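Start from the sequences and build out the full structure, keeping to the hints where you can.
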Amino acid sequence: MRFTATVDVSLRPGIADPEGATIERALPALGISSVTKVRAGQSFVFDVEAASADEATAIATDLATRLLANPVIEDSTVRVEAR
Amino acid sequence: MTAAVVVFPGSNCEHDAVSGLELAGTTAELVWHTETDLSRFDLVVLPGGFAHGDYLRPGALARISPVMDAVGAFAAKGGPVVGICNGFQVLTEAGLLPGALQKNNHLTFNCKDSVLEVASSRSVLTSGVAVGTKLSIPINHFSGSYVCAEETLRALHDNDQVVLRYVENPNGSLDDIAGISNVAGNVVGLMPHPERACSTLLGSTDGLVLLQALVGAAQLA
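Chain order of the listed sequences is A and B.
Following our numbering, the numbering of the first sequence begins with 1 at its first residue and continues without gaps.
Following our numbering, the numbering of the second sequence begins with 1 at its first residue and continues without gaps.
What the hints contain is simulated information worked out from the structure, not anything from laboratory work.
Which chain B residues face chain A? A few, computed with CB under 8 Å, are given here: (1) R57; (2) E93; (3) A100; (4) K103; (5) N104; (6) L107; (7) C148.
Facing chain A, according to a computed beta carbon distance under 7 Å, are these residues of chain B, among others: (8) Q102; (9) N105; (10) V147.
Since the structure is predicted, the reported quantities are computational estimates derived from the model, not experimental observations.
The beta-carbon is built from N, C-alpha and C at its ideal position, and this holds for glycine as well.
In structure tokens:
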């Protein structure tokens, strides 16, 4: 079976996020004043060939923890959907 | 005595590294990142640049280049390994040094001279250089802010692994850290570029102090 996996990578709480902070500081120029706590991250989408959703999740999680996220500063979440 | 300067796709400071090492008294060879055996070399340098385009994170893809198993094996035998700038990022991603290099605070790209203070004489890059020595060496980076867990920082202090500190912190680095070593002291990573401070024509020869210490340490290893 083929699955589509989405891995979201975000900086761990407490790790400074100068990119998110810079975006947040720019918002008043757009007239937006109700948005706070902007955090930047990365999202990865890929297909996985696997026998089950559990197996696809395990493969995507392995990729997320070994490459896509740096566990020293980042967390990752994994979602898998059958295609 | 021969130094290996590893070249990843996207490295751009490898010729400066070779030149600096030669001025410090060793021959040096460029080694492509597909090399799998570094045992014929006496020291290994991972130079600055943008290995694999810095895609994903600086160093994240370089650390799975074939040469990195050989770098790990060379380091495990006590061989001197130094990562400069992008090379430092590669060493942290590879787990050969603790912590990580995060985007500079204020998102500034730093390209300027920096004054460093030697914090340990125990590493291969600072052996014989007195603690407290001030060195003027340029920095050139976007992701040079050193971060690590609290217990990691404690271990860095307890094991005398902080090698160089900025006198004026340019990027938000924890504890003003500009360079660290592994516990044994034979693997060192630093964000500043000593190879760019090896000639009076370029404004400083302070980088040569570090590269000469490195070559000296490699001769003893």
